[in-house]
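Please model the entire structure based on the sequences and the hints provided.
Okay, here's what each chain looks like letter by letter:
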Amino acid sequence: MSRAKATRPRILRAAGNEATGRFVSVTLSLYASLGRFAPGPGQPMAVEVEEGLTLGELLQAFRVPLEEVKLVFVNHRATVLERVLAEGDRVGAFPPVAGG
Amino acid sequence: MGKFVRVDMSTLKVITEQVPEKYRLLGGRGLTSNLVADEVDPLCHPLGPANKVVFAPGIVTGTAAPSSGRISVGAKSPLTGGIKESNAGTPFSQKLARLGIKALVFEGLPADPKKRYLLELTAGGERLVEAGDLAGKGLEDTFAWLARKYPGQAYAGVGPAGETGLSMAGVCFNDLENRPSRYSGRGGLGAVLGRKGIKAIVVDDSGGPGVPLSQPEIFAGGARKVAEALGQHGVTKPGGALNSYGTAVLINLLNEVGGLPTRNFSSGVFEGAGKISGETLAATIKKRGGKGLTGHRCHTGCPIGCSNVYPRPNGQEHASCVEYESDWALGANCGIDNLDHIAEMIRMCNDYGIDTIETGVTLGVAMEAGLAKFGDGNRAIELVKEIGRNTPLGRILGNGAAFTGRAFGVLRVPTVKGQGMPAYEPRSVKGIGVTFVTSPMGADHTAGYTIASEITGVGGKTDPLSPKDKVGLSRNFQVATAFIDASGYCLFIAFAIIDIPSGFVGVVETCNGVLGTAWTMDDVTRIGQEILRTEIAFNRKAGFSAADDRPPEFMRREKLPPHGSVFDISDKDLDEVLNF
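So the sequences go chain by chain: A and B.
So for the first sequence, the working numbering puts the first residue at 1; every next one is plus one.
So for the second sequence, the working numbering puts the first residue at 1001; every next one is plus one.
Calculated directly from the structure, the hints in this document are not laboratory data.
Check before you lean on any hint, since a few could be wrong.
[What the hints assert, rightly or not] The calculated lysine to aspartate or glutamate pairs, modelled on DMTMM-like cross-linking and capped at a C-alpha distance of 25 Å, are:
id	chain 1	residue 1	chain 2	residue 2
1	B	Lys1461	A	Glu51
2	A	Lys70	B	Glu1271
3	A	Lys70	B	Asp1575
4	B	Lys1237	A	Glu87
[Claimed, not checked] Residues of chain B clear of chain A, computed beta-carbon distances all greater than 10 Å:
id	residue
5	Lys1022
6	Pro1151
7	Thr1247
8	Phe1408
[To be verified] Partial pick of chain B residues on the chain A-facing surface, computed with a CB cut under 8 Å:
id	residue
9	Leu1043
10	Cys1044
11	Leu1047
12	Gly1048
13	Leu1242
14	Tyr1324
15	Ile1498
16	Pro1501
17	Leu1515
18	His1563
19	Gly1564
Glycine included, C-beta positions come from ideal geometry on N, C-alpha and C.
What follows is the structure, given as structure tokens:
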């Protein structure tokens, strides 16, 4: 898995947590109509987040309305918004999509 | 009500007959599979005189029911050697239905194999005429000629690949702008029709009887329920995922789950996925403008509009449509991340009259054999040209992935029953693997689209990597799909009606409205099972056994990145899938 380099890392703090001063690096991809909340098109964003931040909190930090989010993935597996992010996580989020 | 039109190519006579009572309640796949099972010797040569090609609109096709312009084409397949049904969305289906034609059957073989024929269907009758001028012509030229000579009508035809008898040849239909772009692509049905000497069919429904409604109020209520479900669901509503991005919105999704077959099924992730994604496709269409279009409809009355028109950099039209399967087959599966190369190959496939899925899977196998490097789009285009030029290499490729794999001694050949696998990796998404392996059609995603549940979360979520409960999941989808394929509705309504049950009730009610029946949801299961039983029985007589309901051996052995998974559904479980 290649780390994206186009976007400057952001530092985000978990809501309500004591600042720990420890951060993990993750990548975030916002797909389909959620792409409008990404600062740049296409490329996954590299983000530095404080330890303990959840996937849902990460999305909210980008102002993604969670009710628009249908599918979330970490490291190629479906997961939930409550998932706590870990170093190197590859995160992807989708609205309702299907096709064939 | 309604009639069968039979075209005997041996005598060049066309006859019509009343629909026999046995077939009165059938349509689409239900009708094509039953007619093929009843009238075609399962042991016949698929390109010979004993095979028949059957066209049948669905039960509600031609009515005002939304997204119901599907036509089924059936025959014994030259690709799989088994029964085949492949359906398409096109105005052709609606016009055929409105002429009162429940089934159009081509039989026999012409005395002179060099001759080409065109069938005219009108309210005044049917006429088979010689069409020697069209021999060997690509479908772009053929449809342009038909649109001039028969304006305002609907068209079907085969390309040079069908005339040659190549196993990847499809039957092509027009879209609303008369492009040769809507395909019953799978299984080589174009070869069966082409070798019967049929180059084209034109349908004029003016003055036709239309599709009579036995119970108009029940029909109207049902159609409203279907329309409401389609309008509400996030996938199918206007401005929803399918309408905005097309089916290629799945490229990024399947890549996210590690289920996007890449470089001939050697990985489930493609590093170039973002460049060929539905999002990039839509952005490119918007940026280039001109003739480019998203939200394109394949037939009147479809509120989904999942199709598109892909423009060249100067805004001129390049190809329609770049949909998920074609995008993947000619893209990720070949390691190609250039949408312009992919669009060019789609255009060529549409012109030659070949299936984009089989073409892409075949190219993947050819690349594995060293005929081109993975990722080399220009060389891939040259290989597709070989098929169009009908060179010896083109004839090998044009007979599909399994044939090409044998010709070049390739070990990794992703086929079941001789048919190339579509755009889902069975080792990462096991339910769809069960469908690929057990469907009487050969590897076919539309036969039981468990992706809805395993990946997109429609109708509840199941874990794609787990082998657990995939037998029942695939069975239920295969049964329901057989019914939907008979109904005339596009399979994409499933996303809405699985989540919004009143929509499914509406589907059944519209069928009742047309047929005068009182079917319930139980009948959906009954009818779906009956169709599958008929198809499986044909395949058994054609020589298929449980040994044909198996994955390619490498998928049991080779661990697939990123999950390191293999296809681990047991043989015993596979044998249970359609055992009802």
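Legend entry - Index of numbered hints that the structure contradicts, given in increasing order: 1, 3, 4, 7, 9, 10, 11, 12, 15, 16, 17 and 19
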